[in-house]
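Quick mapping for you: the protein sequence lines, in order, are chains B, S, L and X.
Each residue of the first sequence is one higher than the one before, starting from 1 at the first, in full-length UniProt numbering.
Each residue of the second sequence is one higher than the one before, starting from 1 at the first, in full-length UniProt numbering.
Each residue of the third sequence is one higher than the one before, starting from 1 at the first, in full-length UniProt numbering.
Each residue of the fourth sequence is one higher than the one before, starting from 1 at the first, in full-length UniProt numbering.
Honestly, the hints are just simulated from the structure, not real lab data.
Don't be surprised by glycine CBs; every beta carbon is placed ideally from N, CA and C.
Among these hints, one or two may not hold up.
Unchecked claim - Result set (EDC-like, lysine to aspartate or glutamate): computed pairs, CA atoms no more than 16 Å apart in a straight line:
1. X:273 / L:67
2. B:465 / B:493
3. B:301 / S:297
4. B:241 / S:320
5. L:274 / X:67
Said to hold, decoys possible - Here are some chain S residues pointing at chain B (derived, C-beta under 7 Å):
6. 244
7. 247
8. 248
9. 252
10. 253
11. 283
12. 305
13. 309
14. 315
15. 318
16. 344
17. 354
18. 399
4 protein chains.
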Amino acid sequence: MENETVILTGRSLTLEEVEKVSRKGAKVEVSSEAIQTLKDARQLVYDLANSDVPIYGFNTGVGWNKDKRVMKEFFQQYNTNLIHSHCVAVTPEASIEEVRAVLLVRLNTLLLGCTGIQPEIALMYMEMLNRGVTPVLPERGSVGEADIACLSHIGLAMIGEGDAYFQGVKMSAKEALSKAGLDPVVLGPKDGLAIVSSNALSAGEGVLVVRDIEKLLDIADMVYSLSLEGLNGNTSPLDPKTHEIRPFPGQAFSAERISKYIEGSYIYEPNWKKPVQDPLSFRSAAHIHGAVRDALEYLKKYLTIQINSSDDNPCLILDERRIVSCSNFEVTNWVLGFEMIGIALSHVSKASCYRTIKLSNNEFTKLSRFLAPANNVIAYGTIQKAFTSLDAEIRHLSNPATTDFFSLAGEIEDHANNSPYVVQKTRKIVDNLLYILGIEALHSVQAIDLRTDITLGKGTKKAYKIIREKIPFYSEDRNLTIDIQKIYEILKDDKFIGEIMKAVELF
Amino acid sequence: MENETVILTGRSLTLEEVEKVSRKGAKVEVSSEAIQTLKDARQLVYDLANSDVPIYGFNTGVGWNKDKRVMKEFFQQYNTNLIHSHCVAVTPEASIEEVRAVLLVRLNTLLLGCTGIQPEIALMYMEMLNRGVTPVLPERGSVGEADIACLSHIGLAMIGEGDAYFQGVKMSAKEALSKAGLDPVVLGPKDGLAIVSSNALSAGEGVLVVRDIEKLLDIADMVYSLSLEGLNGNTSPLDPKTHEIRPFPGQAFSAERISKYIEGSYIYEPNWKKPVQDPLSFRSAAHIHGAVRDALEYLKKYLTIQINSSDDNPCLILDERRIVSCSNFEVTNWVLGFEMIGIALSHVSKASCYRTIKLSNNEFTKLSRFLAPANNVIAYGTIQKAFTSLDAEIRHLSNPATTDFFSLAGEIEDHANNSPYVVQKTRKIVDNLLYILGIEALHSVQAIDLRTDITLGKGTKKAYKIIREKIPFYSEDRNLTIDIQKIYEILKDDKFIGEIMKAVELF
Amino acid sequence: MENETVILTGRSLTLEEVEKVSRKGAKVEVSSEAIQTLKDARQLVYDLANSDVPIYGFNTGVGWNKDKRVMKEFFQQYNTNLIHSHCVAVTPEASIEEVRAVLLVRLNTLLLGCTGIQPEIALMYMEMLNRGVTPVLPERGSVGEADIACLSHIGLAMIGEGDAYFQGVKMSAKEALSKAGLDPVVLGPKDGLAIVSSNALSAGEGVLVVRDIEKLLDIADMVYSLSLEGLNGNTSPLDPKTHEIRPFPGQAFSAERISKYIEGSYIYEPNWKKPVQDPLSFRSAAHIHGAVRDALEYLKKYLTIQINSSDDNPCLILDERRIVSCSNFEVTNWVLGFEMIGIALSHVSKASCYRTIKLSNNEFTKLSRFLAPANNVIAYGTIQKAFTSLDAEIRHLSNPATTDFFSLAGEIEDHANNSPYVVQKTRKIVDNLLYILGIEALHSVQAIDLRTDITLGKGTKKAYKIIREKIPFYSEDRNLTIDIQKIYEILKDDKFIGEIMKAVELF
Amino acid sequence: MENETVILTGRSLTLEEVEKVSRKGAKVEVSSEAIQTLKDARQLVYDLANSDVPIYGFNTGVGWNKDKRVMKEFFQQYNTNLIHSHCVAVTPEASIEEVRAVLLVRLNTLLLGCTGIQPEIALMYMEMLNRGVTPVLPERGSVGEADIACLSHIGLAMIGEGDAYFQGVKMSAKEALSKAGLDPVVLGPKDGLAIVSSNALSAGEGVLVVRDIEKLLDIADMVYSLSLEGLNGNTSPLDPKTHEIRPFPGQAFSAERISKYIEGSYIYEPNWKKPVQDPLSFRSAAHIHGAVRDALEYLKKYLTIQINSSDDNPCLILDERRIVSCSNFEVTNWVLGFEMIGIALSHVSKASCYRTIKLSNNEFTKLSRFLAPANNVIAYGTIQKAFTSLDAEIRHLSNPATTDFFSLAGEIEDHANNSPYVVQKTRKIVDNLLYILGIEALHSVQAIDLRTDITLGKGTKKAYKIIREKIPFYSEDRNLTIDIQKIYEILKDDKFIGEIMKAVELF
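Could you put together the complete structure from these sequences and hints?
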């Protein structure tokens, strides 16, 4: 994908493209129309300033200091001061992938021409992305309402201060720029504000989390499919007719996916010994995953608007040649989506845990207790503590954090939403859930092995194979901490779901 | 509205109609097509049972007892036992309005013909609604996944046991039916299950809460408008162009509404003494209210599906003449919406509190401290504790509750979502928020009064008048507990926002 | 107990005495020493004021208005204004019992002589208590740091405004005073502040909640004892030696109690069919209840200090004849105790729920599923939803609320603790838990009945008898909503645990 | 301290000693009496087993497998299997210091002779500590009720499997043992259980967190003292008399400490321009810190019992020569303490944030806005977002997590408390709070600098000096991310508070 190029217009960036650029090394290019917009906007800001109107952050201070005037001869100094004094972030660093997503999102929204930033600085984002210069960006310190405390570090690197990665190696920003053949930028009026005043940190990290949730849901559907085969469970809750009657879109989607995965499986064979109804964690899996898919749609919809619209204040209205003070940095609507999705994922986690518990219970599987391969093997007993303890963390993290803020800056900034933290706690939920689903998968393939001679579905067969290539049958007691880490890494790798999709011809 | 009639088809019920029937006394009528569907379904269930297939809840027990067979001669007895043993609810009672909503929702979803209930019993819901018989229904005791522990009380009243209201008076159900000219029903096979196995409690109560949130948002926009005039604030964040650039639908909607309310107001007059930017609680009001509107759309969409689709298990597939075991009682997707909206409303609450604090701060208003009308009057000082303490409750209630459940019924029922409690805590949030917005309104009209000789907007003028008719200017210290209760009741009354809408020609 | 009299000194009030006065009608008397202290303090405040020192709330305004001076001739007016403007409370009303606790606590702390209140007003609290005048006091509106928004209503009644109960009947305060043979008070300097500036609302309500928790723990130990007999469980975790080895005081206490209750029970008989170890909900009951007892000790210790020390600001130092500005209205330490106890009770709830689930599981009891008395009876199946849904509420309520506050009064009051709400949510937890333990008790007596011919313990025998007198054996399916309410009321009645204590000679 | 030796008896270990050994390299020695106890216990277990009594985990399986018998010839194999199958932990690793604390705590409680472990294995803990062998121990995976999923990794290292650190370098456990001159142990009966079945992970990590909180409170008192000087605030709330009148022990302690720190300060000078009362975040600091001190006492008391008593099941009663099944692995009482302290620290955090906000507000300080040293410097504006965002995390982390558990192991393990996670989230709270207090300190020293020519107190002078040695006066805008990290490290270093204590002669 390194040869792919994403063309940016300010209005057409997809979540998938953000991932391509940030994680897969795709290049970016700014459309010529967008470059013209940048130039027009820069000109407008000068024209307005010449008419001596106070323009927030251009010829005035920012925040509580909006009552202070900034004189022309101090533009560079003031903007450098602004970058410096806004560097108030706290460890840990965002990952290189995340910072790239941040750079991309900010670049795209700059192209709408609402800031009046120097075009050269806008293009610096592009160069950094394409040449592999990634500023070091501590990810804590912002309460949302623009992530100014953190994004400042991008400005810092652009002027050749602070640290940055070049091709994955950490060094001084100055050196990184130089190795990349770039000169530090010279800040002019409004540039400081344009760099820092954006929600690109939470939006950029958020996009990657959303992408990961999408994959997680595919994985969850897959792991559930394996478990259904491990249990020898009922397929009637997947009946398409029942989803027609109950038209929640997500549940029909998941049910269809799962049906694809288990196509051809032995579980479709009539078997009078099966109980009529399995535990709800099995029976309702498509419904629960579907509910999360519905919730995710909400989030995707608004996050896509976010990365293709201006969150700038003040905001240039190019076609009307004016500048307006506004509140477009408000991101509460999609922060709410992240809060909802965290709670939603807690349901996925609970259901996975309960399925795993059932898989180790001989009453339900009619296999051995704890899926032990022999009488003197202890097997999957204590592991129940591992995945349920991770679920307890998820439950804890799913508590909301968005409304816990202070009134700041002389009581002027009396609303916030903690967007970065909300995104980051969701990221942690997703990571924990990968472990939980991984442990479920360990159980389901073990249960499958204990049922000798069964035919798996088209997708589950593939999944089984990928897992068993790296993690052998549990034939005697061994250090499971290692298996847990392995299965986590298998699921985390895009290849896992990718190969399955190929197997079921969904790609 | 008592003369209005809502025709039910099972597929076309709106949230507004639920309110009309439950709160305004509209009558209901079942479409003839739906009656035929009920009959066909009843016949199908008999046909299937005759073919000796075990049908869950028809000729088998329910829940963990699904392995037990029920013989024909015990159908009435078993179904009565089922109703009795499912009466396991806990105080307090749902309100009459709420129980009516529950009856209506259950009636409508029965019409889809997925249960095979006796048509006579389905029509009993209609009769109860139309003749004013309302079973006493304690509202706690259900964990979602069908509100069987509570809905049983409707069955109880139908067989003439327990208590009910007739025309608003509590009496024995037997007497209520008799006064209404109705005979108790005789339960046959599957009737017990059809009565109890539905999410109609949480859906019914939920619809009313959603209706209340819709009104609350209109009120919030209105109260903010008054406050903007009380503060003499800036209107630039309402600029339609800024919402075009940032196309989150809710914020544009709220901004437009607010602009209507303040049309013609003095605050549009140029005033160089105004600060460029007001505190965010003012500046971002449309954005915050809009974010909640966006979240509410999510909830409305799925709740509308809920009340127009079958949540029954097992589910009759009439056109294919079969019955399927399924999990359509899962309501996680809209329960997530309620969790999200609770958090969203916490933002509305915070912003209202901060605006009120600003209105009592002379630094921001340039009026007197605490809006005191004279030097020896204490005025709105301590009241800050009142509304912020209500906000603390909202913050507390906005924590999620949906994933805290047990594995029940021999570990078979290992998923739940606590839908009734989630709805009920949201109801409480809405009620608290009405008080908070009410107290904001007390402040804003006081601030308006302290600014002599100003012209209010088209809508705000009306709102001001309605409030001041019942609550006079605060000219000397008086018992504010009374004013708080009064303003709460003014806002709660549909007439408040109704008359304003008329004034701004939105109705 | 109505003939009993509690002598108040300001330093010796116990939690038990608060309950006696508030709930059992005991009279109060102020020690003569304390009356002298009141007089000395009043004199001191006059002496200091004459020396023209500004004394907060005496000759100055309060809160943000502390910079305003109050002149002698306006003392009555100002103090009346203060009462009026501090009446900013919100429904619902505190119960009569609770308001009596509030009156008592405030009276006792006034006796320390730190306020300089008119002695006549202090004695008015005593008269109100002794003559049965109870002001109507809406219980919401305070954020802690003194419950000024609510306690003002006591002042209101004292000056003959607002409403009050006389001997349990609601009427105007004026009428209530008159019927009680009391004259309204005339407010002088500092009286308003002394009346409102206290944490007596949260402390008073808190004491009653703490008393209820103490009883609840006794009930929990008792219900567990019944369940142990219902299960035919193991007594080894009660072995005193194991508690010597693990010297957490609470668990030893509970273990001893339980051992007393089951003295002589059949479960001590050797029985080789018992499993070695019961589920943890049984095995760890004494440990869990004990942990809550330990936590409760924390709370009792500091709450006792609270009701016997001054929380006044400013604070008169009588022996040094000076007045100091201080922060003694801070009650964070015992509010923390309430937060902890809520979480602790969530453990009690969980354990009770799990025991009840086990009692209805034939695998564990070797009795019938759901404790059904016969094959065609459904019995305790759906009831699982009832108690677990109440547990979900407890889990939700156990989230903390103490740190969610605003910065008020011109940013001066930038700390709070929400003490009333924290107490009130704990009260709700206790109430829910009574239902949960009640439902467990329904199960345990049913299980006991299904084991024919067993000998119960000394205490459990009594408990069984009290319950079975009002709630018969569940021999056929019946409306359990009624049984749930009955058992709740049985447990709530002090007689239940009282008679058991007599039976085991603990009283 | 590396030359110091702590003598272990099983009954006398202090929290401070745990820190000495784990962090400062003190050596440990087991008392000869304790060694004899170990031997006696081992003998007893053999004697009992010979009498053919089933002994849980000795000649039976553990958990749900307690119904399985283990034969003598399989003792080593079974115990190795047990260690293997209990290795089910999840990243990240506990720190070396923490693992050392875990080793020490487990060693000490083994000395009580309740397990019957091989004395050689008990002494292996000592050798590992003294020779610097530290097993790699992933810290997640346990739900409390003994941290078996994690502690297994200690057993793994002891038998020469898995990884370990030797003198700080990671290598295979085998190599580490060999470098340390130790042979792997050979597991015999009951050894596996004795190694894994303990709460030593949560207790060990917990002790270090408690020690850090103790220091944090000293730091908080110190930073507050600096801020009081920065503000030129009032000292009257520190008046000892007011704390006599209000005898909560913690507040008096903090008030005294603070008074020591500011002894001799200019703020004691009479100054009529000071407002009578400072904001509560200043006025109530000693009370809030004191409340946390009181809460901490609770935790210290019970944690000290924990590390000096047996949490083993089954439990040998040496003097009565029997073995009892019990539930002494229950740690709910001190887990509750951690939940409480988390909420308590949230109060400390809120108060620090509010003080910092005040320090940057010229209205309160009468200094420049944001403590800017000159008009063209932006200074401490945006930094408000940094510390308040960290507070939002603390608020989030302070939600309880202890009651979110599943029923495991065939429904036998139906209680848990999530002790490790509760401890770990508290650790995170403490870490965040160090940053917050650090940022407050940056403000207070800047405010102090802006007040030229003032005399600081005995302790604050020292603190000021230590800080200013590393972080110069903020004279022009600079990258504050660096300053934030620096001040965090200064405060974290024991030397900071140590040198201050010396300066005020408290050590």
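Consistency of the hints with the structure:
1. X:273 / L:67: Since the Cα atoms of residue 273 (chain X) and residue 67 (chain L) sit roughly 12 Å apart, the hinted pair holds (cutoff 16 Å).
2. B:465 / B:493: 15 Å, holds
3. B:301 / S:297: 13 Å, holds
4. B:241 / S:320: 9 Å, holds
5. L:274 / X:67: It holds: about 12 Å lies between the C-alpha atoms, which stays within 16 Å.
6. 244: With a closest approach of 9 Å, the residue 244 (chain S) hint is violated.
7. 247: With Cβ-Cβ at 6 Å, under 7 Å, it holds.
8. 248: 6 Å, holds
9. 252: Hint on residue 252 (chain S): violated, closest Cβ of chain B at ~11 Å, above 7 Å.
10. 253: 12 Å, violated
11. 283: Hint holds; residue 283 (chain S) Cβ to chain B Cβ min 5 Å, cut 7 Å.
12. 305: 6 Å, holds
13. 309: 5 Å, holds
14. 315: Holds - the Cβ of residue 315 (chain S) comes within 7 Å of chain B, reaching about 6 Å at its closest.
15. 318: 10 Å, violated
16. 344: 5 Å, holds
17. 354: Hint holds; residue 354 (chain S) Cβ to chain B Cβ min 4 Å, cut 7 Å.
18. 399: 6 Å, holds
Checked against the numbered hints listed earlier, the structure breaks hints 6, 9, 10, 15; every other hint is satisfied.
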